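2 protein chains.
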Amino acid sequence: MAFEQQLRIPGPTPLPQRVVRAQSRPMINHRGPEFVEMFAEIISGLKRSLRTENDVLLFPASGTGGLEAAVANLLSPGESTLFCTVGAFGERWAKIARSFGAEVVHLAMPWGESLDPDDIDRTLAEHPDIDTVFVTHNETSTGVTTDIAAIAAVVKGRGKLLAVDSVSGAGCLPLEVDALGLDVVVTGSQKGWMAPPGLTMISVSAAAYERSAKATCARWYFDFAREKRFQDKHQTATTPPLSVLYALHEGLRLIEEEGIENVWARHARVGAMVRTGVTAIGLELFATEGFRSNTVTAIRNPSESADTLKHLLATLNTKHGLILAGGQRELQGHIFRIGHLGMVDDSDVYAILATLELALANLGMLSRTGLSVAAAQTLARFGDGATQPTPIG
Amino acid sequence: MAFEQQLRIPGPTPLPQRVVRAQSRPMINHRGPEFVEMFAEIISGLKRSLRTENDVLLFPASGTGGLEAAVANLLSPGESTLFCTVGAFGERWAKIARSFGAEVVHLAMPWGESLDPDDIDRTLAEHPDIDTVFVTHNETSTGVTTDIAAIAAVVKGRGKLLAVDSVSGAGCLPLEVDALGLDVVVTGSQKGWMAPPGLTMISVSAAAYERSAKATCARWYFDFAREKRFQDKHQTATTPPLSVLYALHEGLRLIEEEGIENVWARHARVGAMVRTGVTAIGLELFATEGFRSNTVTAIRNPSESADTLKHLLATLNTKHGLILAGGQRELQGHIFRIGHLGMVDDSDVYAILATLELALANLGMLSRTGLSVAAAQTLARFGDGATQPTPIG
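Heads up: the protein sequence lines correspond to chains E and Y, in order. Under this note's numbering, residues 1 to 393 are what the first sequence spells out, in order. Under this note's numbering, residues 1 to 393 are what the second sequence spells out, in order.
To be clear, the hints were calculated from the coordinates, so they are not data collected in a lab. Worth double-checking, as some hints may not be accurate.
No distinction is drawn between identical chains; accordingly, a pair holds when it is met within one copy or between any pair of copies.
Claimed, not checked - Listed next, the in silico BS3-like pairs over lysine-lysine satisfying Cα-Cα at most 27 Å (straight line):
| id | residue 1 | residue 2 |
| --- | --- | --- |
| 1 | Lys160 | Lys233 |
| 2 | Lys160 | Lys319 |
| 3 | Lys310 | Lys233 |
| 4 | Lys47 | Lys319 |
| 5 | Lys156 | Lys233 |
| 6 | Lys310 | Lys228 |
| 7 | Lys160 | Lys310 |
| 8 | Lys319 | Lys228 |
| 9 | Lys156 | Lys228 |
| 10 | Lys156 | Lys214 |
| 11 | Lys319 | Lys95 |
| 12 | Lys95 | Lys160 |
| 13 | Lys47 | Lys156 |
| 14 | Lys233 | Lys95 |
| 15 | Lys214 | Lys95 |
| 16 | Lys95 | Lys156 |
| 17 | Lys319 | Lys233 |
| 18 | Lys95 | Lys47 |
| 19 | Lys160 | Lys47 |
All figures in this text were calculated on a predicted structure; none of them were measured in a lab.
Isolated chain E, as found in the complex:
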């Protein structure tokens, strides 16, 4: 059992104590001088973490709200557009675009697989009328990270606008917004940023603003141009979620103290440790090799039965205090997911793996405990290079 619940779903993530304390600060006037300095620090912290000189606009909304904002600001009803998706959240994004009247050409990969940049290039060649491409960077539902650099090279090489869902990637995975020329990148407070849910943050390039001025999809709340006018005055267009901003402010400080490249390296190490650990006890990873996310690991149901998986997850919750996520939509009963983003480090991986082993053993699904932890330890100690010894078990 855990003294406190271990929340290891792919967001919301646990909050560091410093973030919890920051979040508890008294309310202030969001139109007054009290707001200005904090707001400016948040924006500049986000820009540094995203490696961009573009504006980063904040909207009170979930990540899905941010994805809708990208659609509403970049598209016009009847316009052909390309969505390149690798799971449930990407497919939801394409649905949002259809709700707004776009003609969606949908390159929808089978769940678990990643995108091939050549497919995107070919699709764009076949549809020269498409001006804007929407791509998932990190897909929470399948544990897949796409090769956003290679995809950006193709899309920007053809002079198209590129909008990226990095809700659960940004702040954890390397993402160089300006170097890759990403026009719109959507992320959310409750993922790598170590704040509670309630805020979506969106980087917007000059070209995206230009497009927004012409795009005729209905919008008011999520309008980029209005939000920019307010942000230029160090305000938000509507009342911001102050306590979430307080938390984000402190989360960004933690990121800056660690250094964003160290944050990326920590997520890479932790992701590798989780994968090495679970495969060491015979569990199978769901995502294609080479595209496995360092923020969320999807694992195939170790049993034939969906009920057994349900029982495993319920037991982990009630008997062990470890909260993992099941599969979404058609993956329900077929996979479970471990979130490892934001406030997470090696010691959390050991706790997760050891607890998971114990629950599997108690359910008669594992004969010997300790192997996954040992494998993760070995990886932490020696890295995954050629000299890596086999786990001693």
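Given the coordinates of chain E, assemble chain Y onto it according to the supplied hints.
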């Protein structure tokens, strides 16, 4: 000076300690069993406070997001509709409807005045094609509360749908959603509910759901039908702002412990005390008599000069720790506003009035202090009936 800032703007409001503590609870899985009980209690608490059996849907957004949700779910592009407004937020609401392609008939009252139900009746008679009416209940920018019961009688008498902006009214002012037949009522977490901003709550009648099924305005994030499907499973369609929900949960408990009718009475008393106090020292109220809000008081600039008002508000902030709000848009420089909603009681009124007096006296704008506090005390002691003695000063 105040030991801590006294935040007396019309939202965000100060948070009770119990709410701050509740807000600090650890993150949980919003798709897990941990979420269900709290969510059910929040929904039923909101329904009791709003006096409705209708669903109350929650969206991660500011109050303006809720106003956009009402537009997007009730209207279709090209449809004629009526907006009855008394200030900046109502006019913003009408703009949102125009952004979504509605043909807006706009009964826009001069700022400071309220709505005449007969005008609404006449307008509806002149425009029989109008099916839906949008009305402001409590206008934060002008300190006006409309007679929503009389307006509802007219609108529902003609069989129209009625959507109400009560972002800063609900939870403070008497509002019997079902008795009045209100189809959509929008409110926000950071007003009377004593929680931080980040959540909009919207009551939706069966007739509003029916309309929503036919209304063709573009929407996904704010779609009522999808949100209802998730709420029926004790979930939200997208990740909810958990810490704001924790706070709202505790805010609702405070309201239920006090009793909603006592909450209404407290706001009525506090509103009357503020008005009596400020008029006792010669300040002029901006809103028309009989329609003055019990959650926010708008006061005319006591000087001829906008700069003097700006200086007064800045001095209150920096020298006295009292944060009041200026005027919005064309009222900037012409009024200032005191927020008295949520966590507020008699003692706060004394502190506000005494501090305001002192600042006015220090600026040479008031010759004698104490009169406003004394007037408020007298009102608190004897009520405002015929037997009320004149303040002894």
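Status of the hints after comparison with the structure:
1. Lys160 x Lys233: neither (31 Å within a copy, 41 Å between copies)
2. Lys160 x Lys319: neither (51 Å within a copy, 54 Å between copies)
3. Lys310 x Lys233: between (51 Å within a copy, 18 Å between copies)
4. Lys47 x Lys319: neither (42 Å within a copy, 35 Å between copies)
5. Lys156 x Lys233: neither (32 Å within a copy, 42 Å between copies)
6. Lys310 x Lys228: between (46 Å within a copy, 25 Å between copies)
7. Lys160 x Lys310: This pair counts as neither: shortest intra-copy Cα distance 44 Å, inter-copy 48 Å.
8. Lys319 x Lys228: neither (49 Å within a copy, 32 Å between copies)
9. Lys156 x Lys228: Close inside one copy (24 Å), not across copies (40 Å); limit 27 Å.
10. Lys156 x Lys214: Intra 20 Å, inter 40 Å, cutoff 27 Å: intra-copy only.
11. Lys319 x Lys95: neither (39 Å within a copy, 53 Å between copies)
12. Lys95 x Lys160: within (21 Å within a copy, 32 Å between copies)
13. Lys47 x Lys156: within (21 Å within a copy, 51 Å between copies)
14. Lys233 x Lys95: Between copies only: 22 Å across, 34 Å inside.
15. Lys214 x Lys95: For Lys214 and Lys95, both the intra-copy (22 Å) and inter-copy (18 Å) Cα distances are at most 27 Å.
16. Lys95 x Lys156: Classified as within; 24 Å inside a copy, 36 Å across copies.
17. Lys319 x Lys233: Cα proximity of Lys319 and Lys233: across copies only (24 Å, versus 51 Å in one copy).
18. Lys95 x Lys47: neither (29 Å within a copy, 32 Å between copies)
19. Lys160 x Lys47: within (23 Å within a copy, 48 Å between copies)
In summary, the numbered hints that this structure violates are 1, 2, 4, 5, 7, 8, 11, 18.
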